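Construct all of the structure, not just a fragment, from the sequences and the given hints.
Heads up: the protein sequence lines correspond to chains A and B, in order.
As numbered in full-length UniProt numbering, the first sequence has no gaps in its residue numbers, which increase by one up to the final residue, 321.
As numbered in full-length UniProt numbering, the second sequence has no gaps in its residue numbers, which increase by one up to the final residue, 289.
I should point out that these hints are in silico values taken from the structure, not numbers from a laboratory.
As the structure is a computational prediction, the values presented were derived from the model and not from experiment.
Possibly wrong hints are sitting among the right ones.
Unchecked claim - Computed spacing ranges between beta-carbons, pair by pair: (1) SER168/B <-> GLY302/A: 35 to 41 Å; (2) LEU115/A <-> ASN161/B: 47 to 53 Å; (3) ALA31/B <-> ILE214/A: 30 to 36 Å; (4) LEU151/A <-> PHE136/B: 26 to 32 Å; (5) ASN161/B <-> THR113/A: 50 to 56 Å; (6) LEU151/A <-> GLY137/B: 23 to 29 Å; (7) GLY100/B <-> ARG309/A: 44 to 50 Å; (8) ILE214/A <-> SER168/B: 16 to 22 Å; (9) GLY157/A <-> ALA103/B: 34 to 40 Å; (10) LEU106/B <-> LEU295/A: 54 to 60 Å.
Yeah, the Cβ is synthetic: ideal placement off N, Cα and C, and Gly gets one too.
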Amino acid sequence: MTRRAARIGLLTPVALIGGAALAVAAHRSGTAGAAGPGFWLAAFLVWLAATLAARDIAALEPRTATGRRLVRLSVPLLFGLLVLVLWEALVVGVGVPAVLMPPPSAIAARFATALPVLGADFVQTCLKSALPGYVIGSLSGLGVAILADRLPVLGRGLLPVANVASALPIVGIAPIMVMWFGFDWPSKAAVVAVMTFFPMLVQAGAGLAATGGIERDLMRTYAAGYGRTLLSLRLPMALPFLFTALKVNATLALIGAIVAEFFGTPIVGMGFRISIEAARLSLDMVWAEIALAALAGSAFYGLIALAERVATGWHPSVRTG
Amino acid sequence: MSRAGALALKQPPEFEPAAPRAAQEGPVIAAPVIAARGLSLTYTTADGPVHALSNVDLAVAPGEFVSFIGPSGCGKTTLLRCVADLEQPTGGELTVNGVGAEAARLRRDYGFVFQAPALYPWRTIARNVALPLEIFGVPRAERRERVAHYLDLVQLFGFANKFPWQLSGGMQQRASIARALCFDPKLLLMDEPFGALDEIVRDHLNAQLLELWRKTAKTVLFVTHSIPEAVYLSTRVVVMSPRPGRIIDIVDCTALGRERPLEIRESPEFLRLGQRVREGLRAGHAYDA
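Quick look at the structure:
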């Protein structure tokens, strides 16, 4: 235990400071594009130190909850930093053209200078297109699932149609939605709604079927009607299923909104920016948009996951004691 | 109609003219809570019809504790579920508190305790017990008062804010009994409520249930597999046999009195009653074989 602690205490600073030094050294005039064996040896040592440190940290078994959270966070953090450092060292050291692969530092610099543009794109794509589409698609998926449950005849007719709808390729429906709803965000929201509808329909259907016979009999002995049983029993029971769909849809919505912008859009939006900047060979801007999409997607997913923990704290997969 | 006297129903006012005729035919006992006449239930399956219940006659007076015992498939649970209007009989007559089973269910005449506690995991124990009260629209203050009272009655007072999974199986089942009692139904239907519990917990709950029955003066219908449990708890034990499900004996256990310490199970009278139930069960099997 103490030896491991000592190793972590030694290796982590070596990895962090060495990594920072490596990233800086890569940009020196003698090294950039013409790195020698000494540079690559240093890069190898940084990688080794970081890997060993990560292994030792992962093997720790802290007694406090805070300690455990710290361990859980620090390993991926260390690994992420290592990837960035090696990316920077490799791309700059070898002298890869920025058109093919810009270094993280260039992407970060571009991100910082292009903040107003990125902000406008975020509002257009995430807030105006993805979010309304997500809400409409998920709600209507839930609504149709309930309708299909309430009226089995309708369900038998609706579900096959919904299946067909789910098989529609996004590149096919995006231009059609542009024809129907115009170039601006409503057509993107429509694409997202179509994409997010089906996962919710399937999960909600499974969730509504998850209620056991005894629980339903219990509601029957209370002379509770369909709506009451739905609200007091079946929807709460379906919540874990609904959250699964919401999480899947969080990622789908962003992809849908970005891709849909490739098929006609006003001159703002993350998809529009990616397609236009790629054509202009400014790959650092493309990467800045990708970083923004990753940040927004992760944040949205994390928000839903947090809501899930709060709403389904009773479920065996979530509860703590 | 020869048994009409024994079954004399307390009719609602609109049927009042029928009452004098029943009085002429025999002595009127207390109006039965349950009255079944020629009750049958036949399922159609791929292998032909299955007679879950066949020609069952039964009358249960208010305040009785009646157990149903028999091997699997004898229809004891089906009978209970018919009373609760969770199954529909295919023949015969059944009245619960003087009305049809569905009407009784719709006016919330009974509390049902299932084999499993069926507590909702997203609700605390207190809110689980409050569930029927919420559905019936009982005001919040009264809900809180009743939940506290019935949790106290089943000795779960300190556990109101726990979640079901934090309680043992026996405690969960006690919570489900509190839930069935909290809206004060006159009739309590229990379908093998202690079947999944170990013997020691079961003894304990049996004693508690008996105590509860004496305190609240409810009518209880109780389905069980256990002969000692049936004799210990009941005023009458209904012995049933399968294929077709029917009543083969009704054992009167009132001789044991209402005060029954657990030790009563070693008394000669208790053993004699248990023996009679056992013989009834054996006879049912012999008929079957």
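* Could one say that the CB atoms of ALA31/B and ILE214/A fall in the range 30 to 36 Å? -> Between ALA31/B and ILE214/A, where Cβ atoms are some 31 Å apart, the hint holds.
* To do: With respect to the beta-carbon atoms only, verify the hint that ILE214/A and SER168/B lie 16 to 22 Å apart.
  => Hint holds: Cβ distance 19 Å, inside 16 to 22 Å.
* Regarding ASN161/B and THR113/A, is the given constraint of 50 to 56 Å on their beta-carbon distance met? -> Cβ of ASN161/B to Cβ of THR113/A: about 55 Å, so the range 50 to 56 Å holds.
* Asked: Does the Cβ pair LEU106/B, LEU295/A satisfy 54 to 60 Å?
  -> Given a distance of about 56 Å, which is inside 54 to 60 Å, the answer is holds.
* Cβ separation of LEU115/A and ASN161/B, checked against the hinted range 47 to 53 Å -> At 48 Å between Cβs, range holds.
* Using the C-beta atoms of SER168/B and GLY302/A, is the stated range 35 to 41 Å upheld? -> holds (37 Å)
* Can the suggested window of 44 to 50 Å be confirmed for the beta-carbon pair GLY100/B and ARG309/A? -> holds (47 Å)
* If you check the beta carbons of GLY157/A and ALA103/B, does the distance land in 34 to 40 Å? -> holds (36 Å)
* Between LEU151/A and PHE136/B, is the Cβ distance one that fits in 26 to 32 Å? -> With a Cβ separation near 28 Å, LEU151/A and PHE136/B satisfy 26 to 32 Å, so the hint holds.
* In this structure, is the beta-carbon distance linking LEU151/A and GLY137/B contained in 23 to 29 Å? -> Roughly 28 Å apart at Cβ, these two residues keep to the hinted range, so it holds.
In the structure shown, no violation is registered for any of the earlier numbered hints.
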